[in-house]
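A.B. asks: Now for the letters of each chain:
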Amino acid sequence: MMSAAAAADPQSVLRISLPDEVDGRRVRVGCDVFAIEDVRDSLAKFGDRYLRKVFTASEINDCRGRNQVHSLAARFAAKEAVIKAFAEPDTPFPLREIEVVRDGPLPLLRLSGTIAERARLQGWLSSSLSLSHAECHAMAVVVVVCGPAESE
Amino acid sequence: MQDKVRDVLAAHGRMAVDIREVDDQADLYKLGLTSHAAVDVMLALEEAFDIEFPEEVLKKSSFASVHNITQLVEGLVKAAA
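Top line first, the protein sequences correspond to chains A and B. Start counting the first sequence at 6; every next residue gets the next number (this note's numbering). Start counting the second sequence at 704; every next residue gets the next number (this note's numbering).
Keep in mind the hints are simulated off the structure, nothing from the lab. Some hints here could point you the wrong way.
[Unchecked claim] Each computed SDA-like pair below joins lysine to any residue, with the alpha-carbon atoms no more than 20 Å apart:
{"id": "1", "chain 1": "B", "residue 1": "LYS762", "chain 2": "A", "residue 2": "GLN127"}
{"id": "2", "chain 1": "A", "residue 1": "LYS89", "chain 2": "B", "residue 2": "THR773"}
{"id": "3", "chain 1": "B", "residue 1": "LYS781", "chain 2": "B", "residue 2": "ILE754"}
[Unchecked claim] Computed list of chain A residues with no C-beta within reach of chain B, every gap over 10 Å:
{"id": "4", "residue": "ASP14"}
{"id": "5", "residue": "VAL44"}
{"id": "6", "residue": "LEU100"}
[As the list claims (entries may be wrong)] Listed next, the stretches of chain A that the computed footprint assigns to chain B, with coverage defined by at least 3 CB atoms under 8 Å from CB atoms of chain B:
{"id": "7", "stretch": "59-69"}
{"id": "8", "stretch": "107-116"}
All residues carry an ideal CB built from backbone N, CA and C; glycine is no exception.
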């Protein structure tokens with residue numbers, strides 16, 4: 006336990022600066038949580054236009070069934086999580102270029118077009134995606150391992 | 704045009720403020736606009752102005768203020784004319 010004298014002395018407090026990469030590898034993380042009701046509202050208001058603007062044909066097909074709204078909400082959360090992982094807030098992010106695909110029980114990330122190019126420039130090597138939902142909210146977490154970034 | 708943009712924001716922006724009273728440079732994200740509500744706003748603007756938002760404008764700053772949205776819509780309306 007730290008003594009009272011040590012606690013009072015700011016110079017004695019342990020400080021470390023963690024490196025932003027180890028062995029040339031960096032990790033990027035993105036997450037998002039999202040209200041199911043918002044997707045339900047958008048579907049009611051805009052129907053197919055909403056679906057086609059936000060989701061790929063494959064995603065729309067994967068989400069058919071009893072939990073359609075929850076599955077769509079989790080995918081929207083995944084797209085936002087990916088955008089956060091890029092940490093380039095004012096770059097255009099066409100939502101359909103960020104796609105959740107299924108590999109058996111696991112969701113995987115598939116990037117295309119300008120998003121795939123940005124990932125290449127940032128040195129994205131691999132990703133892991135986790136989705137979840139409750140009755141009211143859906144969430145997604147994406148972890149990306151990056152190598153050296155390329156200059157534009 | 705800005706009044707019509709504000710009407711769309713009031714109907715679809717899901718912000719807990721009266722958007723008609725908000726300064727046109729105010730940060731809408733700080734006022735509660737979410738990225739998903741911005742999609743709804745975009746879809747409603749497309750209907751209201753008979754335009755289509757190209758994917759290259761789908762970035763956060765495009766929807767960050769009433770001013771930015773109005774400028775963007777004006778440009779798209781002119782391009783469509």
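A.B. asks: Could you check the structure against the hints above and give me the numbers of any it violates, in ascending order?
C.D. replies: Hints 2, 5, 6, 7, 8 are the ones this structure does not satisfy, whereas the remaining hints hold.
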